[in-house]
Amino acid sequence: MPNSATRTQTRARVQRGTNRRGRTDGPRSGSGRPSGVPAHVDNAPKPDGDQAVKAAALETQENEEVDENSVCWICAEPVKYYSVSQCNHRTCHVCALRLRALYKRMDCTFCKEPQPSVIFTTSADKPFSSYAPIDIPHKDSKLNIFFETQEMMEETLILLRYNCPESTCEFTATGWNDLKLHARGVHGKLMCDLCIRNKKSIRA
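No gaps in the numbering here: position 7 of the sequence shown is 7 in UniProt numbering, and each next residue is one more.
It is possible that some hints are incorrect.
Said to hold, decoys possible - Derived pair list, reagent style DSS-like, types lysine-lysine, alpha-carbon separation capped at 30 Å:
1) Lys180 to Lys199
2) Lys189 to Lys139
3) Lys199 to Lys189
4) Lys139 to Lys200
5) Lys139 to Lys104
6) Lys112 to Lys180
7) Lys200 to Lys104
8) Lys139 to Lys126
9) Lys142 to Lys112
10) Lys189 to Lys112
11) Lys199 to Lys112
12) Lys112 to Lys126
13) Lys142 to Lys104
14) Lys112 to Lys200
15) Lys142 to Lys180
16) Lys200 to Lys180
17) Lys189 to Lys142
18) Lys80 to Lys126
19) Lys104 to Lys80
20) Lys199 to Lys80
21) Lys104 to Lys126
22) Lys180 to Lys126
To be verified - Pair by pair, the computed Cβ-Cβ distance ranges are:
23) Ile158 to Gly188: 33 to 41 Å
24) Gly188 to Ile134: 48 to 56 Å
25) Tyr131 to Arg105: 18 to 26 Å
26) Lys112 to Gly185: 38 to 46 Å
27) Ser117 to Lys80: 26 to 34 Å
28) Cys87 to Leu194: 17 to 25 Å
29) Cys192 to Ser129: 39 to 47 Å
30) Ala124 to Val186: 19 to 27 Å
31) Phe110 to Lys200: 14 to 22 Å
32) Ala76 to Cys111: 15 to 23 Å
33) Gln150 to Pro78: 43 to 51 Å
34) Leu181 to Ser130: 42 to 50 Å
35) Cys169 to Tyr131: 30 to 38 Å
Hints are computed from structural coordinates only; laboratory data are not their basis. In this text, a Cβ means the ideal position worked out from N, Cα and C, and glycines have one as well.
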């Protein structure tokens, strides 16, 4: 039978356990909400991450579609004026001019269909058949190119002149020899005869 000392020790252990459990009733560290923060703030709806990602992807796709329409598929340069042919394929006016004037090609580079004439325009999607004569009153008869404005025609045909390759120089020569003399005498540069004979480029 337990003596009085044993009973006293048992009661002391029980009392300490009760006190220890009682201390856990206060705020716990590491709880989900700091003390003093209202419950409605902690339960506020969080932004939908998936919706934000989808919106960003849609915006990127729209920008890419716009960029594809404004960049020439041949030279990958931004398009200032479009060249549209009867097959309704489009390139930039510089590539179309180079193909017709320098390479003597009168077919579509994309589908290879013969193109007796082309239209230089600012429209990225207007069909070839929708242009009335009043819409394209200006024409270069040698290249069979129609233009919407006189300014567009002049700006295009200037590209076929013997322009100085220096971007800051506005000199226009009368021929290759004149241009070579100018480049050497004024700018101290030599023009490659091999490139002159074989490289069919527009001297913008």
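Checked hints:
no., hint, verdict
1, Lys180 to Lys199, "holds, 15 Å"
2, Lys189 to Lys139, "violated, 37 Å"
3, Lys199 to Lys189, "holds, 18 Å"
4, Lys139 to Lys200, "holds, 23 Å"
5, Lys139 to Lys104, "holds, 18 Å"
6, Lys112 to Lys180, "violated, 36 Å"
7, Lys200 to Lys104, "holds, 11 Å"
8, Lys139 to Lys126, "holds, 19 Å"
9, Lys142 to Lys112, "holds, 21 Å"
10, Lys189 to Lys112, "violated, 39 Å"
11, Lys199 to Lys112, "holds, 22 Å"
12, Lys112 to Lys126, "holds, 21 Å"
13, Lys142 to Lys104, "holds, 11 Å"
14, Lys112 to Lys200, "holds, 20 Å"
15, Lys142 to Lys180, "holds, 27 Å"
16, Lys200 to Lys180, "holds, 16 Å"
17, Lys189 to Lys142, "violated, 33 Å"
18, Lys80 to Lys126, "holds, 15 Å"
19, Lys104 to Lys80, "holds, 23 Å"
20, Lys199 to Lys80, "holds, 23 Å"
21, Lys104 to Lys126, "holds, 26 Å"
22, Lys180 to Lys126, "violated, 42 Å"
23, Ile158 to Gly188: 33 to 41 Å, "violated, 25 Å"
24, Gly188 to Ile134: 48 to 56 Å, "holds, 50 Å"
25, Tyr131 to Arg105: 18 to 26 Å, "holds, 22 Å"
26, Lys112 to Gly185: 38 to 46 Å, "holds, 45 Å"
27, Ser117 to Lys80: 26 to 34 Å, "violated, 20 Å"
28, Cys87 to Leu194: 17 to 25 Å, "violated, 35 Å"
29, Cys192 to Ser129: 39 to 47 Å, "holds, 44 Å"
30, Ala124 to Val186: 19 to 27 Å, "violated, 40 Å"
31, Phe110 to Lys200: 14 to 22 Å, "holds, 19 Å"
32, Ala76 to Cys111: 15 to 23 Å, "holds, 20 Å"
33, Gln150 to Pro78: 43 to 51 Å, "violated, 23 Å"
34, Leu181 to Ser130: 42 to 50 Å, "holds, 48 Å"
35, Cys169 to Tyr131: 30 to 38 Å, "holds, 37 Å"
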